[in-house]
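A.B. asks: Protein chains in written order, with our numbering: chain S, 1 to 511; chain A, 1 to 310.
Calculated directly from the structure, the hints in this document are not laboratory data.
Partial chain A-side listing against chain S, Cβ under 10 angstroms, derived:
id	residue
1	Pro-169
2	Gly-171
3	Asn-173
4	Ala-176
5	Ala-183
6	Ala-184
7	Ser-186
Per label pair, the in silico range of CB-to-CB distance:
id	chain 1	residue 1	chain 2	residue 2	range
8	A	Ser-244	S	Gly-196	45 to 51 angstroms
9	S	Gly-457	A	Gln-298	43 to 49 angstroms
10	A	Ile-103	S	Arg-393	49 to 55 angstroms
11	S	Glu-129	A	Arg-308	29 to 35 angstroms
12	S	Pro-122	A	Pro-159	22 to 28 angstroms
Positions of the beta carbon are idealized from the N, C-alpha and C atoms, including for glycine.
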Amino acid sequence: MRPATAGAPLLELEGITKRFPGVVANDRVDFDVRPGEVHTLLGENGAGKSTLMKILYGLYQADEGEIRLRGEPVTIESPSDAIEQGIGMIHQHFMLVPTLTVAENVALGLPSGRRLMQDLSPVQQRIRELSEIYGLAVDPDAYIWQLAVGERQRVEIMKAIYRDVSLLILDEPTSVLTPAEVEDLFVTLRQMTDGGRGLVFISHKLHEVMSLSDRITVLRGGRVTGRTVPSETSREQLAHMMVGREVRLAPNRSESDVADARLAISALEVLGDRGTPAVTGFDLEVRSGEVVGIAGVSGNGQRELAEALAGLRPVASGTVVMNGVDTTTKTPKEIRRLGVSYIPEERMRDGAIGEFSVAENLILTSHDLPPTSRRGFLNFKEIETGCSDLVRRFTVKTPSLETPTSNLSGGNIQKLIIARELSGEPEVLIASQPTRGVDIGAAEYIHTVLMDQRAGGIAILLISEDLDEVIGLSDRIAVMFEGRIMGTLGQEEATVQRLGLLMAGVSEGEE
Amino acid sequence: MSDFLTVSVLLATLASGIRLATPFLLAALGETIGQRSGVLNLGVEGVMLLGAYGAYYATLRTDSILLGILVSLIVGGVMGIVYGVVTLALKAEQGISGIGIFIFGLGLSDLLFQKQVGTPTPIDGLGDVAVPLLGDLPWVGEVIFHQNVLVYVAFLLVPVLWFVINRTPFGLNVRAVGETPEAADSLGVSVDRTRYITIFVGNAMAGLAGGALALELGIFQQNLTNGHGFIAIALVYFGAWRPSGVMAGAMVFGLVSATVLQWKTLGIVVGTTASIVGMFPAVLTILVLVLVSRRTGQPSALTRPFERGH
Ligand SMILES: Nc1ncnc2c1ncn2[C@@H]1O[C@H](COP(=O)(O)OP(=O)(O)OP(=O)(O)O)[C@@H](O)[C@H]1O
Ligand SMILES: [Mg+2]
Chain S
1 MRPATAGAPL LELEGITKRF PGVVANDRVD FDVRPGEVHT LLGENGAGKS TLMKILYGLY
61 QADEGEIRLR GEPVTIESPS DAIEQGIGMI HQHFMLVPTL TVAENVALGL PSGRRLMQDL
121 SPVQQRIREL SEIYGLAVDP DAYIWQLAVG ERQRVEIMKA IYRDVSLLIL DEPTSVLTPA
181 EVEDLFVTLR QMTDGGRGLV FISHKLHEVM SLSDRITVLR GGRVTGRTVP SETSREQLAH
241 MMVGREVRLA PNRSESDVAD ARLAISALEV LGDRGTPAVT GFDLEVRSGE VVGIAGVSGN
301 GQRELAEALA GLRPVASGTV VMNGVDTTTK TPKEIRRLGV SYIPEERMRD GAIGEFSVAE
361 NLILTSHDLP PTSRRGFLNF KEIETGCSDL VRRFTVKTPS LETPTSNLSG GNIQKLIIAR
421 ELSGEPEVLI ASQPTRGVDI GAAEYIHTVL MDQRAGGIAI LLISEDLDEV IGLSDRIAVM
481 FEGRIMGTLG QEEATVQRLG LLMAGVSEGE E
Chain A
1 MSDFLTVSVL LATLASGIRL ATPFLLAALG ETIGQRSGVL NLGVEGVMLL GAYGAYYATL
61 RTDSILLGIL VSLIVGGVMG IVYGVVTLAL KAEQGISGIG IFIFGLGLSD LLFQKQVGTP
121 TPIDGLGDVA VPLLGDLPWV GEVIFHQNVL VYVAFLLVPV LWFVINRTPF GLNVRAVGET
181 PEAADSLGVS VDRTRYITIF VGNAMAGLAG GALALELGIF QQNLTNGHGF IAIALVYFGA
241 WRPSGVMAGA MVFGLVSATV LQWKTLGIVV GTTASIVGMF PAVLTILVLV LVSRRTGQPS
301 ALTRPFERGH
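Turn these sequences into a full structure, and let the hints steer you where they fit.
C.D. replies: Listed below in structure tokens is the structure:
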């Protein structure tokens, strides 16, 4: 670990307070960044990290407090003000225009100098130069919709570097990246700090925090509850500081009785969005009491596989049998009725309705069944008690059950969907990236629930890019590459290295 | 039937098709720029009616067609500002406010007509202008280059609009704002400012489209536009939000209308048959829309109001 860089702060936030209806998102927060350092903001879902950064970037206005840049008090009323002050932000969700090219996304909002004609060639040229310097492989002519998530994240970084920001905020930039991509990203980020830039880093992955940070500030309930440096702490301590109690970082696996097959996929072929095969020749069986992990770099057919199983995407050929019933051509509702639960990867899009209240989203899949409703009427008493119980067990942080879901923090929306999907006592569970974006306290709880469900005899298909999670939870691990299974490893033989090779498309014999 | 196939009749039909396509084209191009920035304006028909009345009345009183054209542009622009305030500042639902604008335009244009003019009084409409040299070309000259000035303006606006959307910094903002306003905002592009401009320009063009119709016919009456504005909106979908596609749609429409007119004039269709054939253009719109209703090209943020931090 490098020692924290000394010197006058680039940024100082003093006494920042921000209130939303029913919550104090930031409560007199002090925070600073010095040139050349990475200052990490750590905290549970809903702790107020994104809010603090959005205030700094002009997306929200603080109710109280002062922002100083290079010692000077500033007011930042909009993102344009922030950009003018040399601040850049990588948001928790991508801020890219899919129908535009990389160069157009980078050029967007740049001063055009009143020129009539948009000349993109200097922009393209500069992007190529910066790609070289920072080792950021991006093709300026590619359209964003053609890019995988890892590449999109590089475009986000490129936007900031192109504007030569002196302070860059990174709100969970790694949550969608593979371990290799994270390493590359960190090299780029280090290069940026070496040039004297200051970075604010947000992540729920503690090993990343330990390896990248110069300083760490912990937020809990909107308040600063601790400050430390990596050399004086450990992952366990950080977890403790965030959650306020002991957290088990590795899931607790017990024996479970493996019985008959609950999910049988044979010769499955599924087409992707562009009509080309995304999943081909796919055979897999998951038995009750068993977790089968699907590892792989995202974009290798995992999403299409999960959607096909859930009935959301047509099966081109092959069969899917769940709970003894052929579900190949069944509708999502029919599949759910067979006791199949589905935690989608794109939870913001596929899993919840933003304008609906927390309670409404929680009953979304059970609203037409007893006890939630009887004879066509919703049973509000039942909903109230059932939902409060779920919110408490899964630690969904929300002011009330009536709060619109879009007002929840990113991680809390994830928890809400997971709570709903695990509450229906499923027999088959398809879980895509179940802990992506959730804090470690919640991840621990989700892992515990998954292990309990497994012990209770349900069949779980776990699709995850988090190798520690896949190895920790699965009985068998199938690695997906370009739509097919590259290899399957048992729990004992699976290591990050062996999985990593398979994920890169190198089959076991070739090593 | 043989009458219908003579070269001169054919050429006349083509020329009149281009002329009839013009109001559709102007209105649809205006709607295109608005929709590309994410704003749906269902009020085109109402704005066209006001533009038509404005052009008619100004020309009637002053005998200046130029002034008539100018008034239709201004009337459209003013309606644009109104629609901008309603949808951007007040964040009203776009579908509903557009219908409001339509009803307002329909009622007000008729009211003003009854109060200020009363009996339908014809005006001298737009005359054809032959383009030097090109106008002398055989066939092509007759069909394309003997038209009124607004026809030329409308068709010239197709490449102009393409250029603005695809080759200027402003156009880049428009495309970004219509697709992912949050991303544009996060880079300091003002979503509302961009949309005010496109709504203003788009409505001015709708006003002009109405003016083109009134000055072409040389008359105003209640509900003069008779669905032109709604068809223009359909043409934007037909053209997949591209000026060239919109032009193709407007041409199909113009040609079918011209053919129907020609058949009626030549007595090829009469009576009930004529009425049925008269419905062709409308039926065609529906058919074509069903057949080509690919959503590719539809701006993702269409009809979605933007509010920072949501
Ligand atoms: N626009 C809003 N309206 C109302 N409440 C909000 C809004 N944005 C955030 N909040 C609330 O403020 C609190 C802090 O949210 P914030 O997004 O800052 O959390 P976070 O630390 O970034 O969490 P995560 O790790 O889940 O992203 C949460 O309780 C959230 O519900
Ligand atoms: Mg956040």
